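Trainee: Letter by letter, the chains look like this.
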Amino acid sequence: MVKINLNSFLESVFLILIFSTLIWAGCSVLWDHELSHNFPYGYLASDTFQHQVRAESIKEMGNYRNEAPYIVAGFKDVVGYYPPLFYHLGVIFSYVSGLETYDGAYFLVFFFAAIAAMIMYLIIRDFSKKIAILSLPFAVLIFSKGLYAGFTWGHWPSIVAQFFLVALFWAVMRHELEGSSYILGIVFAGSILSHTSEAIFGFIFIVIYSGYLVATKQLHMRYIKTISMGALIAGVICSYYLIIFQQTWAKLQPFEFSISKEFGGTFILIGLMALGVIISLAFSGKKLHASFAAGLVMLLIGYSNYVGFGNRAFQARFFWPIYLSVFFGMGIYYIIKKITAKFYFYVAVALVFLLLFNAPIISAIPSTSRFTTPGMMDPYHWETLMWLKDNTPKDSKLYFFYGDIYYQDALLRNAEREHYLIARDDFIGSLQNKTIKRSYSTRAASDSGAGFAYRKGFFSYGMHINEGWVRTKQMDLCNFNYYIFDKASQQPVLAQYNMIIANELLKKEWVKVVYGNNYVVVLENKKPGEDCINETRFD
Amino acid sequence: MKRDLTENIKKELIYLACLFFVIAIAFKIVFYKEGIIVVLRILFALFWIFVLPGYAVMLYWNEKLEFIERFIIGIAISAAVIGSASYYLGLLGLNIKYHGAILPLVLLCVGAAIAIKKK
Numbered sequence: 001m002v003k004i005n006l007n008s009f010l011e012s013v014f015l016i017l018i019f020s021t022l023i024w025a026g027c028s029v030l031w032d033h034e035l036s037h038n039f040p041y042g043y044l045a046s047d048t049f050q051h052q053v054r055a056e057s058i059k060e061m062g063n064y065r066n067e068a069p070y071i072v073a074g075f076k077d078v079v080g081y082y083p084p085l086f087y088h089l090g091v092i093f094s095y096v097s098g099l100e101t102y103d104g105a106y107f108l109v110f111f112f113a114a115i116a117a118m119i120m121y122l123i124i125r126d127f128s129k130k131i132a133i134l135s136l137p138f139a140v141l142i143f144s145k146g147l148y149a150g151f152t153w154g155h156w157p158s159i160v161a162q163f164f165l166v167a168l169f170w171a172v173m174r175h176e177l178e179g180s181s182y183i184l185g186i187v188f189a190g191s192i193l194s195h196t197s198e199a200i201f202g203f204i205f206i207v208i209y210s211g212y213l214v215a216t217k218q219l220h221m222r223y224i225k226t227i228s229m230g231a232l233i234a235g236v237i238c239s240y241y242l243i244i245f246q247q248t249w250a251k252l253q254p255f256e257f258s259i260s261k262e263f264g265g266t267f268i269l270i271g272l273m274a275l276g277v278i279i280s281l282a283f284s285g286k287k288l289h290a291s292f293a294a295g296l297v298m299l300l301i302g303y304s305n306y307v308g309f310g311n312r313a314f315q316a317r318f319f320w321p322i323y324l325s326v327f328f329g330m331g332i333y334y335i336i337k338k339i340t341a342k343f344y345f346y347v348a349v350a351l352v353f354l355l356l357f358n359a360p361i362i363s364a365i366p367s368t369s370r371f372t373t374p375g376m377m378d379p380y381h382w383e384t385l386m387w388l389k390d391n392t393p394k395d396s397k398l399y400f401f402y403g404d405i406y407y408q409d410a411l412l413r414n415a416e417r418e419h420y421l422i423a424r425d426d427f428i429g430s431l432q433n434k435t436i437k438r439s440y441s442t443r444a445a446s447d448s449g450a451g452f453a454y455r456k457g458f459f460s461y462g463m464h465i466n467e468g469w470v471r472t473k474q475m476d477l478c479n480f481n482y483y484i485f486d487k488a489s490q491q492p493v494l495a496q497y498n499m500i501i502a503n504e505l506l507k508k509e510w511v512k513v514v515y516g517n518n519y520v521v522v523l524e525n526k527k528p529g530e531d532c533i534n535e536t537r538f539d
Numbered sequence: 001m002k003r004d005l006t007e008n009i010k011k012e013l014i015y016l017a018c019l020f021f022v023i024a025i026a027f028k029i030v031f032y033k034e035g036i037i038v039v040l041r042i043l044f045a046l047f048w049i050f051v052l053p054g055y056a057v058m059l060y061w062n063e064k065l066e067f068i069e070r071f072i073i074g075i076a077i078s079a080a081v082i083g084s085a086s087y088y089l090g091l092l093g094l095n096i097k098y099h100g101a102i103l104p105l106v107l108l109c110v111g112a113a114i115a116i117k118k119k
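Residue numbers (the numbering used here), protein chains in the order written: chain D, 1 to 539; chain B, 1 to 119.
Next up, chain D with everything else stripped away, as it sits in the complex (with noise of 0.2 Å):
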C-alpha cells in the first residue's frame, strides 16, 4: 500500500492549483478555453507567425538545415539560422499531441512559463519551504500588463530560453550533487539552442555567483569542476549550431550599446521587494542563498538598459516576476511572521486571488491582464492563405495587395510561396492621385534578420543581403502569378482602391477570378510577363 505524506500531498496539491491557474490566466482566457482552432488563436505580434511559420516549416521540411525559401525571399540555399529548439520541440508536440503546430507550439511557451515558476518553488524551497509558498503567487504576474506581450507578441524563444536559465539556476544550486554537472550542461545547453542571449545572462550569474564566493572564500573544487564540465557539456552540444550563430547573427546584430530610461514596477510592489531585499541580505549571513542570487542578478540584468544593454534587458524583465518572487515572499514572510506564521498557505492562496482579480479595487497592485482575442488572424484570411497554399504551383509567386492584417507580414508566410506585398505609402499615394499603375513600390516581405546567410564552407558563410538583394524596389505586377485583394478594410476606401485594381487586371482575358471569400479574392495571371493592366486614372 502505498502512504501518502500528508504535507506533500497538500505541497502537491497547491503546486498542480498554481500551476493549473498559471496556464488559465494565461493560455485558457486568451484561447477561449479551447486548446484546438481552426486558425492561429490569439497571436498579436508578427513575430508570432514568425515563429509558428518557421515550426510548421521545419515540419514539412523534416529538419532545420535550410529555412523554407518562402521565409527568405525564395533563396533556396540558406541555412537553418534561428537557435532551433522550441521549434523541434513545437513540432514535436504538435504530432504526439494532434494539435496544430500554431496551437500546440504556442501552447508549450506557457507550459514552460508555469514549470519555470515551479523550479523557481524549488530554489526558494531550498531556503524556506514557507517563502516559496508565499513568493510562488507572484508568477501570475509574468501575465500582468506589459509583461505579457512577451507571449501574445511572440517573444517565445526567448521565454523558453529563460525557462532552461532557471533550470540553470537550480543545478548551479545543486552544484554539490554528484553528476550534477550533466544537468547544468544540459539546460545550460537548452537556453544557448532556444535563445541564446538569455544563456548570456546564464553565463553573467555564473561569473556575479563565482565572484561572491571567491570574495567570501566559499569557492571550492567541486564547485569549479561541476560549472567547467557543465560549460564544456554545453559547449559540445551546441557547437554545431554555435558556428551558424557566430558567422549569421553575430556578425549581422553585433552588440550595440544603447541606453533606454525605463524603470518598470509599481510602488507598492517595489516596496515589498525592497523590504525583501534588505532582509535577504540581512539574514542570508555568511552564505547567499542561489534564489537571492538569482534574483539580484536578474534584478541587475533587468535594470541593465540603463547602462547600455537595450532592449534585452527588457527581456528578462519577462520573468521578473518569478526571478524577483522570493524578496517578495521574503517581505510577506517578515510582515505576517510578527502576527503568525501558521496561515501562510492561507496568505498565498489570497495572494493569488489578489494578483488576478485587484485590478478595479487597487490599481497600484498589477495583476493579470486577461482578455479573450482571436488576435489578428481571422478564418477568411487563413482560408485563403491556405486555398493558397495547397492549390497553387510551389513555384508561384503571390503579390499580396494592401490589407489590414498584411504589414504584420510574417503572417503571409503561411501561403508557403514567394510573396511581395505592396508598398503603403505608394498604394496610398497612387490611391490619392487616381491612378492605376502597372508597377508600385513592393516589399520582399521575407526575415532578412540573418542576412540570407548560405554555407561556402563548414567555417565560411555569404549572405544574400549582401549581393544586391533589396527589400523594396518597383515590381511590374504582370510578373506575378497570383494576386490577392481584400475587399474589406477597416479604411473603406482602401479596399474600394484594391478592388479597381483588381477589375483593370480583370479587363485581360488571361487574368481570372480563381478564389474568393466574404473578404478576399484571389486573382490568377495565366500569362506572367505579358502587358496584365492599363495604366490609367479613375474618378
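Keep in mind that the hints were calculated from the coordinates and are not lab data.
Incomplete in silico selection of chain B near chain D, CB under 8 Å:
1) Phe-31
2) Tyr-32
3) Arg-41
4) Trp-48
5) Trp-61
6) Ile-72
7) Ile-75
8) Ala-80
9) Asn-95
10) His-99
No experiment lies behind these values; they were computed from the predicted model shown. Each residue gets a CB set at the ideal place from its N, CA and C atoms; glycine is no exception.
Put chain B on the given structure of chain D with help from the hints.
Mentor: Relative to chain D, chain B alone:
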C-alpha cells in the same frame, strides 16, 4: 538495492498516474470548452515527451532528491535533451515525424538503465 529501486519506481509510477488523473481534471476545468479526448491527448503528449523521460533520467538521483523535485526538473532536462537531439537527428536525415516516438523512448530506456547500473 535493485529491489528497493523497483519498489520505489512502482510507488512513484502510482504517483505519476495520480498526477496524470488530477492534472487531466484540472485541464478539463481550465479548458472547459474543449473535448475530453483532446485534453487527454495533450496531457498524454506532455507526459510522453517531458514527464516520463525526465522522470526516468532523474531516477539516477533517486536517493538524493525528492520525487517532486525530480518530477519538475526532469521536465526541463527532457525538454533540453529531446529538443537538441531532435535538431541533430533531423540534420542527420531522420525525419522529425519519427522523433516524437523515438526520442522519449530512448530517453526512458537510457534513464532507467543508468539508474539500474548505478545500483
